[in-house]
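**Q** Protein chains in written order, with our numbering: chain A, 347 to 788; chain B, 46 to 385; chain C, 869 to 1164.
Rather than coming from a laboratory, the hints here were simulated on the basis of the structure. Even for Gly, the Cβ is constructed at its ideal location relative to N, Cα and C. Hints may be right or wrong, so weigh each one.
What the hints assert, rightly or not - From the structure, some residues in chain C lie toward chain B, with a derived Cβ separation under 10 Å:
| hint | residue |
| --- | --- |
| 1 | G913 |
| 2 | L934 |
| 3 | W937 |
| 4 | L969 |
| 5 | A970 |
| 6 | L1000 |
| 7 | S1008 |
| 8 | R1017 |
| 9 | I1074 |
| 10 | L1078 |
| 11 | V1080 |
| 12 | I1117 |
| 13 | L1131 |
| 14 | A1134 |
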Amino acid sequence: MKRRSVLVALAVIAVTAFVSAIAASASYGGKARHSAKSIEVFSLWGGSEKDAFLKVTAAFTAQTGIDVKYTSGRDFITEIRTRLAAGNPAEIAIVPRPGFLGTLARENVLKPLSSIGLSTAYMKQNYGPAWISLATVGGKLYAVPAKANSKSVIWYRPDQFKKYKWKTPKTWSQLLALTKKMKAKQATQGFAPWSIGDGPSQSQWVLTDWFEDIYLRTAGPAKYQLLFSGKLPFTDKSVVTALKTMLQIVNNNYALGGIQGILGTSFVDGIARVFEGAPKTPHAQLYMEGGFVGGIALGQINPSLKPGITINDFPWPTINAKFGRPLLGAGDLAVAFKDSPEIRQFMKYISTAAAATVWVSTGAVISPNKGVSGSAYPNLLVRNEAAQVKSAKVFRFDGSDQMPGAFGDTWGFALQNVIQHPSSIKSILAGFQSKIAGQWGS
Amino acid sequence: MEAPLGFPRLSQALPTPVEHPPAVGRVGLRTLGARLQGLLFISPALAVLTLFLIYPAYYTIRLAFYQSDFLFRFTHAIGIANFKNLLTNDPDFLDLSKFHGVNILRELLYKSDGGALLNNLHWVVFYITLSVGFGLALAVLAARVRYERMVKSVIFVPMAISATAAGIIWLFVYNFDPNIGIVNALIKPFHHPVAWLGRPSTVNYALIFAYVWASTGFVMVVLSAAIKGIPTEIIEAARVDGAGEWEIFRRVMLPMLSLPISIVTIWLFINVIKVFDIIYVMTGGGPGTSSRVIAFTMYEETFPNGRPGYGAAVAVIMLVLVAPVMVLNVRRFRSERVVT
Amino acid sequence: MATIEAPVLAPADSISARLVRFATRTPLHILLIGISVIWLVPTVGLAITSFRKRPDIASSGWWHALTHWSWTLHNYGAVIHATGMGHAWVNSLIITVPATLAPLTLGALAAYGFAWIPFPFRDTIFLLIVALMIIPIQTSLVPLLKLFREHGHLNNGYWGIWLAHTAFGLPLAIFLLRNFFITLPKDLIEAARMDGASNLAVFRRIVVPLSVPALASFAIFQFLWVWNDLLMALIFVSDPSKQPMTVRIPYLLSTYGQEYHLLSAAAFLLMIVPLVVFFSLQRYFVQGLLAGSVKT
Chain A
347 MKRRSVLVAL
357 AVIAVTAFVS
367 AIAASASYGG
377 KARHSAKSIE
387 VFSLWGGSEK
397 DAFLKVTAAF
407 TAQTGIDVKY
417 TSGRDFITEI
427 RTRLAAGNPA
437 EIAIVPRPGF
447 LGTLARENVL
457 KPLSSIGLST
467 AYMKQNYGPA
477 WISLATVGGK
487 LYAVPAKANS
497 KSVIWYRPDQ
507 FKKYKWKTPK
517 TWSQLLALTK
527 KMKAKQATQG
537 FAPWSIGDGP
547 SQSQWVLTDW
557 FEDIYLRTAG
567 PAKYQLLFSG
577 KLPFTDKSVV
587 TALKTMLQIV
597 NNNYALGGIQ
607 GILGTSFVDG
617 IARVFEGAPK
627 TPHAQLYMEG
637 GFVGGIALGQ
647 INPSLKPGIT
657 INDFPWPTIN
667 AKFGRPLLGA
677 GDLAVAFKDS
687 PEIRQFMKYI
697 STAAAATVWV
707 STGAVISPNK
717 GVSGSAYPNL
727 LVRNEAAQVK
737 SAKVFRFDGS
747 DQMPGAFGDT
757 WGFALQNVIQ
767 HPSSIKSILA
777 GFQSKIAGQW
787 GS
Chain B
46 MEAPLGFPRL
56 SQALPTPVEH
66 PPAVGRVGLR
76 TLGARLQGLL
86 FISPALAVLT
96 LFLIYPAYYT
106 IRLAFYQSDF
116 LFRFTHAIGI
126 ANFKNLLTND
136 PDFLDLSKFH
146 GVNILRELLY
156 KSDGGALLNN
166 LHWVVFYITL
176 SVGFGLALAV
186 LAARVRYERM
196 VKSVIFVPMA
206 ISATAAGIIW
216 LFVYNFDPNI
226 GIVNALIKPF
236 HHPVAWLGRP
246 STVNYALIFA
256 YVWASTGFVM
266 VVLSAAIKGI
276 PTEIIEAARV
286 DGAGEWEIFR
296 RVMLPMLSLP
306 ISIVTIWLFI
316 NVIKVFDIIY
326 VMTGGGPGTS
336 SRVIAFTMYE
346 ETFPNGRPGY
356 GAAVAVIMLV
366 LVAPVMVLNV
376 RRFRSERVVT
Chain C
869 MATIEAPVLA
879 PADSISARLV
889 RFATRTPLHI
899 LLIGISVIWL
909 VPTVGLAITS
919 FRKRPDIASS
929 GWWHALTHWS
939 WTLHNYGAVI
949 HATGMGHAWV
959 NSLIITVPAT
969 LAPLTLGALA
979 AYGFAWIPFP
989 FRDTIFLLIV
999 ALMIIPIQTS
1009 LVPLLKLFRE
1019 HGHLNNGYWG
1029 IWLAHTAFGL
1039 PLAIFLLRNF
1049 FITLPKDLIE
1059 AARMDGASNL
1069 AVFRRIVVPL
1079 SVPALASFAI
1089 FQFLWVWNDL
1099 LMALIFVSDP
1109 SKQPMTVRIP
1119 YLLSTYGQEY
1129 HLLSAAAFLL
1139 MIVPLVVFFS
1149 LQRYFVQGLL
1159 AGSVKT
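Make the full structure from the sequences, and use the hints.
**A** What follows is the structure in C-alpha cells.
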C-alpha cells in the first residue's frame, strides 16, 4: 500500500510538473518563432564569436524593433539539411562554405538577393569582385558576405621570442630552422615548437588550411584554383609535393604530443596550449590558424593577453619565391531561405558598413565590406589582419570550403590519414579523388 | 510468483498464454457484442501502430529502391542499385578489399578499416563477449555476499542514464589531456598520452568498452535472477560429492543458465544493430569514418549526405539483420513451455 | 523449490572458524568492492568535475579535488542560463510526459482487449505486435518525417515526436500489460461480468487498480526511455528552442570550444532525473526492463 501511495504521489508530481512546464514554456519562448516580429538566424559560432555576433543583432533590434534569435548547431550542414527536409528551416543562415552555398542554391532553396531587395549593383558597391563571385551561383547573387578572415598568419608569443632572441621567419627554410631551434630547447624548457589541434569537435579543417597555404606557395594560385574547382585531380604531383612539405613540420617530432597530440587536441585547445598561461612558459610556441584566433584567445582563453606583447602573428612565409605571398582567406556568407519584410531588413542591415563596423569593433572579425575604415578595428591584431586582406595582390578563398556538399570534411579526414600514414600518401589521395570526382558542381 | 530480494523472476516476464475465458450468458448476441468490443479496445492502439510504425516501415522498404535528393524528393525507381552500391561500392560501409585472406577470421576481427558493417561485427564479438563475461562473473560472485543488492545497483546505474550522458562521461575518461582523462592519467608514468578516440586503431574498442560499461548491469540483473532459480539442493549435492567451486560453476550452473544467457545475448545483439547515440556523441563516426556502424550510416547518409533512398537501403539491411530475432521471439512466445 | 536466498555459507561455529572463512573470502570482497568502485569512477569523476572552477578543471585532475576541496555552483548557473540547458530540461519534460501517458493508456486498453475479450484473429494480431517490438527506429524515420511535414507541419511543435514515441512504445506496452492482465483472477472478472458490468467498467474498476505495479513498470521504463532518447528528438524536433537536453548537450561540443565545465554540469543535469527515478523506483524499472528484454 505504501508503494501505491508513493506511485500516486509521483504521478501527481509528474503531471503538475508537466502542466507548469507548459505554462512556463509559454512565457519562455515569448515571441513565437514564426510571429511577425522575430527572425531566426542560424550559424555555427559559439563562445566569443557568438557574443560578437549578438552585439550586431542587438544593434539591429535597437534600430528596427525586430527580435533576432540566434541558434547554432554542431554540424551545420546536417542541421540545415534536416530542417529543410522537415520543412522548417531558419529564416537566415550564415554559412562558412561557398561550396555548400552552391549546393543549396542549385537546389532552389535560397532566395536570390535580387528577389529580396538587394540589387547586384548595390552589392558591387559594398564588396569587391572576389567576394561577389564567391556569392554568385549560376549568374545570380545569393549571399551577403558577412565576415572575413585571413588564413595566412602564424601566431606566436612575442615575449618568448624576445627572451630567446628568435626572429620571425620570412621563408620556409627560416621557419624550419626556427622550429629546429625551438625543438632543441624542448628538453630543458619544456615547450614544443608547434601546437596543432586537429582532432575532436570537428577540428579536422585545421590541417586543410595548412595544406592550402603550402599548396598556394608551392604550386601557385593558378593551379590552386584548378585544384579546388575539380579541374585538377588530387592525385597530381603538385599535391604530393605540398603534402611532403607539410610533413616537414607537421610530424611526430615538432608537434606538441606528436601525432597523437594532433589527433587528440581540438582547435580551441590548441590555441590554449600557446596562450593560456601567459606570461608563463607556454606548452608550445607556434600556432597556425586564421585571424580569428586572436579574438578567441583574447575573448575566451586568456583575456589578460596583451596584443603585441604576449600575442601576435606574423604572415605566412614564402616557400617558392616565384609565388610570393598570396593570401589565403575565408569568410562567412549570409543566405535567406524565406522572404518577409523582417528578413529583408536584416539582410539589408548586414550588408551595410554600419553593421560591419559594429561587428569589427568587437575585435573578433574583420569585414569584407568596402565601407569599413581601418580605424574601426580595436586592436593591432585585427588592424594588421584587415590591412593584410586589403593589400593582398593575390587572394584565394579557402579551398576545402569550396568543395561541394560535405567534402570539406572528407578532405580533412584524408589529411588526418596522411599524417598517420605518410608512406601511403598516394593511395590516400587516390581514394579521395575517386570519391569527389564527378561530384563537383553538385 | 513472489519476487525474492526485490528482483523479479524471469518467469514473470514470459508466462504461458492462457486459454480464452469462457463466454458467459446468452451466447449468440453476447459473443458478437464481445467481439466488437474487443476490436474497439484495440483499435486506437492498432491505428497508431499502423499509421506510424507499420506503414512507414513498408514505405521505407519501397524507398530503398528509388533515387532521391536531400529534400526527400524521390524521383525514379532504380531497382537494387542502392543495395548494390552499399555492398560493393561503398568502402565506408563494407570494404572487403582490405582483407587478404591470409587469416581471414583474424583479419575480420582485428582490422578496423573494413567499413561500418564489419565494425558491427567487431561489436558483436567484443561487446557481447565482454558484457556477458562480466555480467555472468559478477552475478555469480555477488550471489555469495550479503551486500549483493548494493553491487547490483552500482553496476546497473549506467543503464538508467542516457547514452548521451554515458558518452559525455567517457569523453572525459578518454580525454587526451592527462589532467582530464583518467586513462591517460593512469598510463602517464609508463607511456605518453594516447588519443584513444582519435586513432582508427583504438577508437572502436574504446567505444565498445564504454558501452560494455553501460550494459553489463542488465546482464548481471537477468543472470542474477536466473541464478536464484537454481535449486540449492543440487549445488549442495555437488559440494558434498567433492566438486570444487569452478567445477560447480561449469557443470551445474552454466547449463542451467543457458537459456537466460541466450536471452541476454539476443538483447545485446539487437543493441549492436541499433547502437547510435554513443557514437554520435563521442566520435560522430570518426575519425573519418572508422567508427561508423550501420545505424549511424543510415543517419549519416540520410541527413548529412542527403541521400535518403540510400539511407533507406541501409535501414532495410538493418531490418534484415533483426528479422531472425523477430521470428525467434514469436516462436519462443508461442511455445507452450514455461520459461524460467 | 528452495532458492538461493542467502549467501552459500558453510555452517558457522567458532570465532576462529569464522575468521578463517572471512580471511579466505577476503579476495572475493576486495574484488567485488573494487569492481564496484571502478564502475562508479567515471560517473563520480564527472560529477566532481561539474562542481569545480573552470581553471581548476584544466590544470589538475578531478581526483585532486578529493584532497583540495574547493568547489562552486557557477557551472550549473552558467549552463542553465547562458546555454539554455534549463530551457532544454523543460523541453525534455514536455516531450516525455505525454509520450509516456499516451502509450500507457492506449496500450492498457489494447492489452485488456487481448487478455480478456475473445475476438477473431486475436492471437495472430498479438503475435504481430510481439514481432514489432524490436523494429529499429531507422526503418520509419524518413516516411515519418515526410508524413509530419506534409500533414500539418507536425515537426514544428511536439506532435511529431509525441506520435512517434507513442507508436514505438505501444508494442512493449501491449506485451507487458497483456502478460500481466492474464494473470488476474478469472473469477473476479467473470463475477463482475455476470453482474452485468460492461467491459469498460471491468477495465476501470477491476483490472486497472489491480495492475498498478505493471502499469508503473511500463510507465517508468517508458519515461526513462523517452527522457534518454537522442535519435528521435534529433530528427523530429527540428525547432532548436524545443529540443530536449539529449540533443542540446552534444551542441556544447561545438566546433569552437570544449568547455568542460559546462559539459560536465549539463551532463549531470541530464543524469539527475533518471538517477532519482531509478533509485527510488528501482524495482519497477527493473521489472519493466526484464519484461522488455526483447526491446532495446
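**Q** Hold the hint about L1000 (chain C) up to the distance rule: shortest CB distance to chain B must be less than 10 Å.
**A** holds (6 Å)
**Q** Close enough to count: is the Cβ of R1017 (chain C) nearer than 10 Å to one in chain B?
**A** holds (8 Å)
**Q** Could you check if I1074 (chain C) really has its C-beta closer than 10 Å to a C-beta on chain B?
**A** Constraint on I1074 (chain C) not satisfied, violated at 13 Å.
**Q** Holds or violated: the hint that L934 (chain C) contacts chain B, with Cβ atoms closer than 10 Å.
**A** violated (13 Å)
**Q** Let's test the interface hint: is any C-beta of chain B closer than 10 Å to that of L1078 (chain C)?
**A** violated (14 Å)
**Q** Is the interface hint satisfied for S1008 (chain C)? The criterion is a beta-carbon contact with chain B at less than 10 Å.
**A** Interface hint status for S1008 (chain C): holds (4 Å vs cutoff 10 Å).
**Q** Holds or violated: is the Cβ of G913 (chain C) closer than 10 Å to a Cβ in chain B?
**A** holds (6 Å)
**Q** Go through the hint on L969 (chain C) and say holds or violated, using the shortest Cβ distance to chain B against 10 Å.
**A** violated (13 Å)
**Q** Min Cβ distance, W937 (chain C) to chain B: is it shorter than 10 Å?
**A** Because about 18 Å separates W937 (chain C) from the closest Cβ in chain B, which is outside the 10 Å limit, the hint is violated.
**Q** Can the hint on A1134 (chain C) be confirmed by a CB-to-CB distance to chain B that is less than 10 Å?
**A** With Cβ-Cβ at 8 Å, under 10 Å, it holds.
**Q** Minimum Cβ distance from L1131 (chain C) to chain B below 10 Å?
**A** OK, holds: L1131 (chain C) within 10 Å of chain B, min 6 Å.
**Q** Given A970 (chain C) as an interface hint, is the shortest Cβ-Cβ distance to chain B below 10 Å?
**A** holds (8 Å)
Violated hints, in rising order: 2, 3, 4, 9, 10 and 11; the structure is consistent with all others.
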